Amino acid sequence: MAHELRAVGASARPGLDGIDRAGLARTRTDLAACFRMAARYGLEEGICNHFSAVVPGRDDLFVVNPYGLAFAEIRASDLLVCSLDGHVLEGEGQPEATAFFIHARLHARLPRARAAFHTHMPNATALSMIAGQPLAFAGQTALKFYGRVAVDDAYNGLALDDSEGDRIAATLGEADVVFLRNHGVIVTGPTVAEAWDDLYYLERAAEVQLKAMGSGRPLVPVPADIAARTAAQMREGDPESARLHLESIRRRLAREEPDFSG
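Following this note's numbering, the numbering of the sequence shown begins with 14 at its first residue and continues without gaps.
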């Protein structure tokens, strides 16, 4: 299902000046931790899914996983630094084609999306296949996403050109999460930690929703005013909670899979 990226243009290869090297090292390690933990939770699909983050100090460059590696084997040093026009500036290999066409356009068109995680994680993807709005605001975990979700209904096959990424970015708009109809989900955030936190809790919300739907009894939605108030309460603490969440998985991996940071 994955595709190797071919040459996408003849633009000049950019330099590497202005990069915050300490920030880049941290971004690589944070992303590697997210890949490893996503694999543990079963959120990946073969070698097809991808996470990215903008390079600190350079808004025209992003870090992404290379084509051919499963999440469970990715190390910080495996991650690529790419330009928005397809040059690999650091790292071995190439990004997977759909990774490039989705993530380059998201980062180019939505500067606030400093991190972007795309998966076919099973429960959220199942909701993308159901008629109507995918996420029901009937459980507390789902309320984390109240007012933050968009749906891209235009499934057109694989994202193998700029138009797909541009359409997804336009659909995302001011939202942080987009359900890709018949496909999967993309979660964006201002930091790697916040993108990870949302990815994790989105799948948990989808899982309990599907369990409730499986009972055959109707869902009981939270009233809109309470949902909005609860969402605001959650958002107030999200940046710090997300930071601590990511720190916790880094500690776990440092004990159990220390090669992730290599």
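Quick caveat, the hints were computed from the structure, so don't treat them as lab data. Any given hint might turn out to be false.
Pair by pair, the computed Cβ-Cβ distance ranges are [to be verified]:
1) Arg-122 x Ala-267: 33 to 39 Å
2) Arg-122 x Gly-170: 29 to 35 Å
3) Val-233 x Gly-59: 33 to 39 Å
4) Pro-124 x Ala-83: 29 to 35 Å
5) Ala-237 x Arg-194: 32 to 38 Å
6) Ala-237 x Arg-122: 26 to 32 Å
7) Ala-188 x Pro-27: 26 to 32 Å
Keep in mind the model is a prediction, meaning the values are calculated, not measured. Glycine included, every Cβ here is placed at the ideal spot set by N, Cα and C.
We went through each hint and held it up to the structure:
1. The hinted window of 33 to 39 Å between Arg-122 and Ala-267 holds, with their beta carbons roughly 36 Å apart.
2. Taken as a hint, the range 29 to 35 Å is violated for the pair Arg-122 and Gly-170, whose Cβ atoms sit roughly 21 Å apart.
3. A C-beta distance of roughly 37 Å is found between Val-233 and Gly-59, which places it inside the suggested range of 33 to 39 Å.
4. Range check, Pro-124 to Ala-83: Cβ separation about 30 Å, and the 29 to 35 Å hint holds.
5. Range check, Ala-237 to Arg-194: Cβ separation about 24 Å, and the 32 to 38 Å hint is violated.
6. The hinted range of 26 to 32 Å is satisfied by Ala-237 and Arg-122, whose Cβ atoms lie roughly 30 Å apart.
7. Taken as a hint, the range 26 to 32 Å holds for the pair Ala-188 and Pro-27, whose Cβ atoms sit roughly 30 Å apart.
Checked against the numbered hints given earlier, the structure breaks hints 2, 5 and satisfies all the rest.
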